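> The primary structure of each chain is shown beneath.
2 protein chains.
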Amino acid sequence: MSVYTNIEQQELETFLKQYSLGALLSYEGINAGIENTNYFITTENGEFVLTIFEELKAEALPYYLTFMAHLSDHGMPTAHPIADLQGDYVRVLKDKPAAIVRRLEGQNVLEPTSEHCTTVGHALAQMHVVGESFSGALANPRDIAWSEKTAQRVLAQLSDEDQQLLKNEIQYRKQPLASNLPQGIIHADLFRDNVMFMGQTLTGIIDFYYACNDYLLYDLAVTVNDWCSLETGTLNMDSYTALLNAYCAEREFQPQEIEAWEYMLRAAALRFWLSRLQDKIFPKDGEITHTKDPNIFKNILQSRINDVPSLNP
Amino acid sequence: MSVYTNIEQQELETFLKQYSLGALLSYEGINAGIENTNYFITTENGEFVLTIFEELKAEALPYYLTFMAHLSDHGMPTAHPIADLQGDYVRVLKDKPAAIVRRLEGQNVLEPTSEHCTTVGHALAQMHVVGESFSGALANPRDIAWSEKTAQRVLAQLSDEDQQLLKNEIQYRKQPLASNLPQGIIHADLFRDNVMFMGQTLTGIIDFYYACNDYLLYDLAVTVNDWCSLETGTLNMDSYTALLNAYCAEREFQPQEIEAWEYMLRAAALRFWLSRLQDKIFPKDGEITHTKDPNIFKNILQSRINDVPSLNP
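From first to last, the protein sequence lines are chains E and U.
Taking our numbering, I'd label the letters of the first sequence as residues 1 to 313.
Taking our numbering, I'd label the letters of the second sequence as residues 1001 to 1313.
No wet-lab data here; the hints were simulated from the structure.
All values reported here derive from a predicted model rather than from experimental measurement.
C-beta atoms are modelled at their ideal positions from N, C-alpha and C, and glycine is treated no differently.
Check before you lean on any hint, since a few could be wrong.
[As the list claims (entries may be wrong)] Result set (EDC-like, lysine to aspartate or glutamate): computed pairs, CA atoms no more than 20 angstroms apart in a straight line:
| # | chain 1 | residue 1 | chain 2 | residue 2 |
| --- | --- | --- | --- | --- |
| 1 | U | K1174 | U | E1259 |
| 2 | U | K1174 | U | E1262 |
| 3 | E | K284 | E | E35 |
| 4 | E | K17 | U | E1250 |
| 5 | U | K1017 | U | D1095 |
| 6 | U | K1292 | U | E1132 |
| 7 | U | K1017 | E | E252 |
| 8 | E | K96 | E | E148 |
| 9 | U | K1017 | E | E250 |
| 10 | U | K1096 | U | E1148 |
| 11 | E | K280 | E | E132 |
| 12 | E | K292 | E | D162 |
| 13 | E | K17 | U | D1095 |
| 14 | E | K292 | E | E231 |
| 15 | E | K17 | U | E1252 |
| 16 | E | K174 | E | E148 |
| 17 | U | K1174 | U | E1148 |
| 18 | U | K1017 | E | E132 |
[Stated by the list, open to error] Listed below are several chain U residues computed to face chain E (Cβ distance under 8 angstroms; list not exhaustive):
| # | residue |
| --- | --- |
| 19 | Q1018 |
| 20 | L1021 |
| 21 | G1046 |
| 22 | F1048 |
| 23 | Y1063 |
| 24 | D1073 |
| 25 | H1074 |
| 26 | V1129 |
| 27 | A1178 |
| 28 | S1179 |
| 29 | L1181 |
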């Protein structure tokens, strides 16, 4: 989708009176984002992003926003949310929760080099390490129950072959895992379009609205599947080696993680195959964005089943 | 002074292991600052300033640093301090307290236009408004007792005329003030060299190491004396009108403040005349900076005595 909620200049000026950002100089809608309305706003105090949350419940927002603040406070390249004059990060705008964060510089890199993957591997591990001192907790809404429910919803629309693949993966997803797999707060959606670079420098990690507490290794699997897959779904081994080496330089893997790696790669591929199938088969009202292609993640899933890479590259 | 405490690359790399800023790429000493050692440091995560506190006691640092964080959290152009992996802003480096903050862009404007003064007036008032929700408290170390003590220390070195001026002002400084003058956290040193601009945009307010709880009007007087004085000490009325109009657009003056304005302007001029006299007469060991000229503030003081400007320009 692009901008969902339309804001008039006067409304925005009134809204900004609750902050200490100085006068509004300009604003424009951002043509990106699946579940929120975003505006770039420029005030006397600088450049910011206003997000109006179209679907997310206000209850979960403090978790996302305080985690963004926590990472930024530790020097990570994340957008710090802006507190209003009462000290709150979340306000209401047009009857919807809304927040302002600092705008970060940089551009997405859609064809990353191994060097970019090294940087992303470092940053992801840093996020996991810094997350250890974050006290918030939120279960992953895209859990096994969600996978099963979503699979039921989309199954009838799939080819026989895809139905079989989906059923197999749901079954595979239910296997018990080692109880001591490291957990923590994860980004859960660290795709290329959520990371910004200026040249080789990572300048922004954005969109924390899937962050949750789950296996750290699952977060790595989500990241690897997006950053290190060729169009066919198979791994680009140079990117893969670069990302993993960088990650484990900051956080060493434990033996039970090496065991669970195939599971995590397949679970991560399944989650995005399912959400994309759902978005395609049941588009939301008013959605004007291009739907993302589910087959990319079917291919990634099949590739991970056929050719399991080692966690120690 | 310029860099006081010398840091080797290896020491800095070891120090940075307590943070999550990625690898050190480069660092250089900053030839500025009166009481601290500062280094620009560049890591994989961006550009930062490392400050080693040569004189400030570690006890007061959390007050300064959490206030900087508070302002930055509210969208003010102040440097956010970086928390270490334990969540602390202050660490020890070479047996001295040290902290890392984000580096801000921009340059000092030593010959400000009225437009710059408008921007500074807005920013100072915003700082006072945002400070209302800050819970820390610290008395002003440059209070009347300090003024008296410092006057005693420097008096014998002054001409008869300057001695008389100083004695008069100490006496004037002791008069009782209205008990309901608005107080709050103030910067207390918002000189031109502590504000950075890019063009007409204020991009950085720095050096919060004189921040304290005191009269808001005193902070305005400190700011006006530096930003709006001609070389002779007399006011540039265009700058003065611009700064005051901008300030009172964000925070209205109260009648007792209008009464106290002459007092605040003279107290603010006295404080910097005294500290500069002290720095000149009793230079610190190892100090290699140029001492700032005390006479500038003697002239400002005399000008404020002779020609009291209105707080409602």
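> Enumerate the violated hints, using their earlier numbering and listing them in ascending order.
Violated hints: 6, 8, 10, 11, 13, 19, 23, 27, 28 and 29; rest satisfied.
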